[in-house]
Amino acid sequence: MKRAVPLATGLGVVVVALLLTRLGGNPYYYFAAYVIFQYVVLATAWNILGGYTGYVNFGSAAFFALGAYTAVVLILQFKAPLPVLILAGGLVAGLLGLGIGYLTLRLRGVFFSIATLALAVVLQTMVVNWEYVGGARGMNVVRPAAILWFRTYVEFLFVVMVLLAVVSATVAWWLQHSWIGRGLAAIRDNEEAAECMGVPTLRLKLFATTVSGFLMGVAGAPFPYYVTLVEPASAFDLNYAVNSLAMPMIGGTTTWAGPVIGAVLLGTAQQVATVTISSALNLLIVGVVLVAFVILAPQGIVGLARKVWRGRAA
Amino acid sequence: MAETLLDVQKVTKHFGGFTALSEVSLQVHEGERFGLIGPNGSGKTTLINCVSGSLRNDGGLVLFQGRDITGLPAHQRTRLGIARTFQIPKPFPSMTVLQNLCIPLEYAAPARSHGAPRDDVAAEAMEILRLIGLQAKADVPSIGLNQIEMRKLELARAMAAKPRLLISDEAMAGLSSAEVDDILANLFALNERGITIIMIEHIMRAVMRFSERIIVLDAGEKIAEGTPDQILHNPAVEKAYLGE
Amino acid sequence: MFSFELLLNVVVAGVLLGGFYAAVSLGISLSFGLLDVVNIAHPVFVILGSYAAYAANSSFGLDPILTGLLFTPLFYLLGVAVYRVYYASFEKKGEESLRGLVFFFGLMFIIEVALLLKFGVDYRLVEARYIGESLHFGPIGIALRLLVPCLVGLLMTAGLYLFLGKTFYGKAVMGVSQDSLALRLMGADPIRIKTIGFGLAIATASLAGSLLILIGPVEPSIGREYIGRVFAITVLGGMGSIGGTLVASIILGVAESLMSTFSGPSWAVAVSFSILLVGLAVRPAGLFGR
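Chains as they are written, first to last, in the working numbering: chain S, 1 to 314; chain E, 315 to 558; chain X, 559 to 848.
These aren't lab readings, by the way, just hints derived from the structure by calculation. Here a beta-carbon is modelled for each residue, glycine too, at the ideal position from N, C-alpha and C. Treat the hints with care, as some may be off.
[Stated by the list, open to error] Quick look at which bits of chain X chain S covers, simulated, 3 or more residues with Cβ under 8 Å: (1) 573-580; (2) 637-643; (3) 658-669; (4) 708-716; (5) 819-827.
Required output: the full structure, derived from the provided sequences and hints.
Here you go:
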């Protein structure tokens, strides 16, 4: 696969996004699209550790919220610009990933997963008790006025998120085809055998956890400007944990494309649905679909597509 | 007198209250064909796990080429030149046979840089498959193999790590007579190319034919050591296998 | 302010809480500790039990513990059904690690959200004669709403301990993860044994849930606090050791009680998480582990 084609496609997507904002349109669409592309980043990030390496993270909300709250702190203290927020959010969340990984990855994978479950609860407790960022009431953040040539700041955030989505997908694509990705796949397939075949399993797992955490933090960093009121209840919402997991599982976990497909499909469906059904019912449906896929179509949509392809070729 | 490649000194291993290995010592010389036998549960696989690094021994030392590797994780020992197969084959199920070999080629084989062109790695993998007779199955998913093909894949994968010492853990269990000879021929060929081999087996004719020296374990202890002939006529060995 | 009397009361409350935590954790000790099934949804089954008790209590005025007992067979069957699906979909194919986990995660919030849809976010509680009262032994006050769950928890622990140690099926459950071959030779089907064991684990959730709603009001998402707790207890207590589960539960109960009184109730969740991490880092086999 030539390197140039994916790069061009990615850039193309960003350019299209930019052009769309020039065309205008209902501002609500940009709010909705932002969320969908945010999920592309989250799903892709989750999959690097979950699908590629085989370690399930149930606490995506913790990393996402950490990115968001790092941004809040930087905005309050330094009024830092967006690129700094994104980088800082990613770094802090990446460090959290490294820390949790270091503490639990020497043990069986289930302990890592259990630790991530508990992590989100603990982090939320800490944030709720931290007055500086507003505690339970949350913190109001002033969204900057329109920037550059964009009509509104949200349209700018939309393009930023599209760019972040493209970057994440590119990272996932590169990883998948690299020697690191092959090592991660070996770990997922049979960790003991991988270790005996020379794969430095602990190091690679820590790498995957850190990159995954980093990308999730990156997804969370623009969140304060997006919502303007950052409260723990919404930053740590169960939706993030569930969706980051369901989207790759439904889309397909072995490739970079699965999470993207899952995020776009499920994300769009949810944005459409929130207008018509309650958020709780929405979550219920995601849960049922997730369980159905895990039982019946474990390879996800990508896997189903491959079967159809092979069936036709045969 | 050939160099001592592997020096196991008084290795001990406990699992809770159970002692799996009790001060087991052995030395394997460069280029040697070494046999390790003993009744079920005598600690053979545990010993191999301590040598390869899958387990850490509680007491004693493991030296490889004169260097103390007791504290090293398994992947580093593989890089130094120790490769092993698994009693129950552990292929990478999402990969083809060829891809299975690419992992040790990329990660374990010394002087193989990560940046080497993919084609070279694939070519080397094909070479190894040809040597062992699996080249026709190169692009088959590894889970689609039958018993003997799986065992051969285990062996091929270990070979792909370019080892100095290869440990074969019951590679012939459950195979037909002809299949046993097939694997045996492969092991002989490997040894001819200079690879030191430790064979753990229950199939006596294979071990006796293959090994230059054998040690016998029983209940975690070494009870005999010597040439196949000496072992065959050792009363302690007979007792261990057949009981009083 | 600090006083010895206060400390004593806090510790006693912690011990009582620990007895209750044991009731909640028994299920995980069974399913995860002994059967190696990572049922992270267990706390939510407990919450389900709580709501069953609430519904019976508000509609028919039934005593919660009675409801818990009555529903136990139903929960057992539910556990059997869940395990059958889990086994057929994952364990049989050897894919239980990633997909099994996701399955239970999905199950967890399906149940949680279903409860949310049916009962809403409001806290629900039960009415029982003994809830408001306390006993007094000198300076120590023991609230009945803590004492009763603790006692029931202790009874459940003892009952399970006896079952596992003395009965055929119990011993089979203990041994199934270690030596299914030996079981087969004894004429017992390992799959059937595991199904029974898992069914039993979920069955405990019925009674544990009724105890939970006795201690305090419930709403659908409080199960999440308990995930950290039950796994911390199981790891600390030694996977599958019933005695260890009880000891670890009491340790956690006391630690949380102390933390809650002297640092504030919201920090209590951090206690279980810290204990979990410490337990994993220091002694993966736990206090009484295998």
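Hint check results:
| no. | hint | result |
| --- | --- | --- |
| 1 | 573-580 | violated (count 0) |
| 2 | 637-643 | violated (count 1) |
| 3 | 658-669 | holds (count 8) |
| 4 | 708-716 | violated (count 0) |
| 5 | 819-827 | holds (count 4) |
Checked against the numbered hints given earlier, this structure breaks hints 1, 2 and 4; the rest are met.
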